[in-house]
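Work out the full structure: start from the sequences and follow the hints.
Numbering (my numbering), first residue to last: 26 to 266.
Hints listed in this document are in silico derivations from the structure and should not be mistaken for laboratory results.
Hints are supplied without guarantee of correctness; some may be wrong.
So the derived label-pair ranges between C-beta atoms look like this [stated by the list, open to error]: (1) Cys250 - Pro110: 16 to 26 angstroms; (2) Glu164 - Asp210: 41 to 51 angstroms; (3) Gly198 - Glu227: 28 to 38 angstroms; (4) Ser238 - Lys138: 42 to 52 angstroms; (5) Glu231 - Val166: 45 to 55 angstroms; (6) Asp111 - Ser62: 19 to 29 angstroms; (7) Ala158 - Leu38: 24 to 34 angstroms; (8) Tyr254 - Ala158: 12 to 22 angstroms.
Derived pair list, reagent style DSS-like, types lysine-lysine, alpha-carbon separation capped at 25 angstroms [unchecked claim]: (9) Lys138 - Lys84; (10) Lys27 - Lys235; (11) Lys178 - Lys142; (12) Lys157 - Lys178; (13) Lys157 - Lys34; (14) Lys84 - Lys27; (15) Lys228 - Lys178; (16) Lys27 - Lys228; (17) Lys157 - Lys142; (18) Lys84 - Lys228; (19) Lys138 - Lys157.
Every residue gets a Cβ at the ideal spot worked out from N, C-alpha and C, and that includes glycine.
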Amino acid sequence: MKVGTRASKLARLQTDLVVGRIAEGFPSETVEIVTISTGGDRNRSVPIADLGVRGVFVKELEDALLAGEVDFVVHSLKDMPSDLPDGLCLVAVLNREDRRDVLVSRDGLSLAKLPPKSRVATSSRRRAAQIKAVRDDLEFVDIRGNVPTRIEKMQAGQCDAMVLAAAGLTRLGLDEHISEAFAIDVCTPAAGQGALALECREKDRELIAKLISLDEPTVRAEIECERAYLAELGGGCSVPI
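Rendered as structure tokens:
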């Protein structure tokens, strides 16, 4: 079977986790990893909210799935819009890490100790709106790129701190950069944040029968509630939800 994934180190690590689970459950299966570049990966000069496209990190993966170029794809669930294209299904959700957002600061300072006018980088309007509610004296700037690249930009002086997902740092082994983990009522994370999602074609019943064995019911219940709430509010990358 062929699995589609983005090219970043984090995406590949997450896909490797899934491939490992498949190997454990179905030793006779061979899985080929197909790397796919998304619009969000290619266009790093424009803030995500200004790209004007829903699912900037998933659309090309779903297109490849619909075209039959791959059999299923692996997403960071938080990147997925609340509605799926016709013919596709969310077959399994799994491996939910810490769902919280965290502060990564150049000097290891917590949010409360950042000096006034400190530049806090994030590509998420949701994160910026919530942190601004706590510290409206900070300056919020956009930042793009994968997690290691963002850390390099911060250390080079592009910003004083960043807000990132804890799960990405954990999976990359970069926990030592976390200055503070935000309580859920301070910075509510994105729907599905920290979980992995497997998406495939609805008609591929044999494949679904295999992949659904990876589904974690508790995680599934959590994310279905979160995504239903997001759908009702009409959330996405362009709004702070």
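Given hint lysine 34 paired with lysine 157 - CA-CA distance at most 25 angstroms: 30 angstroms, violated
Restraint status (C-alpha distance of lysine 84 to lysine 27 at most 25 angstroms): It holds: about 17 angstroms lies between the C-alpha atoms, which stays within 25 angstroms.
Proposed proximity, lysine 84 with lysine 138 (alpha carbon, max 25 angstroms): 39 angstroms, violated
Distance restraint between lysine 27 and lysine 235, which requires alpha-carbon spacing of 25 angstroms or less: Holds. Lysine 27 to lysine 235 sits at ~14 angstroms (cutoff 25 angstroms).
Pair hint outcome, lysine 84 versus lysine 228 [Cα-Cα no greater than 25 angstroms]: 19 angstroms, holds
Agreement of lysine 178 and lysine 142 with the hint, judged by alpha carbon distance not exceeding 25 angstroms: 18 angstroms, holds
Status of the given 45 to 55 angstroms range, CB of valine 166 versus CB of glutamate 231: 48 angstroms, holds
Pairwise beta carbon distance, aspartate 111 to serine 62, judged against the given window 19 to 29 angstroms: About 24 angstroms separates the Cβ atoms of aspartate 111 and serine 62, which means 19 to 29 angstroms holds.
Whether the CB-CB distance between serine 238 and lysine 138 falls inside 42 to 52 angstroms: 47 angstroms, holds
Restraint check for lysine 228 with lysine 178, where alpha carbons must lie at most 25 angstroms apart: 44 angstroms, violated
Hint check for aspartate 210 and glutamate 164 - Cβ pair distance inside 41 to 51 angstroms: 24 angstroms, violated
Range hint compliance [Cβ, glycine 198 to glutamate 227, 28 to 38 angstroms]: 36 angstroms, holds
Comparing the model with each numbered hint stated earlier shows that hints 2, 9, 13, 15 do not hold.
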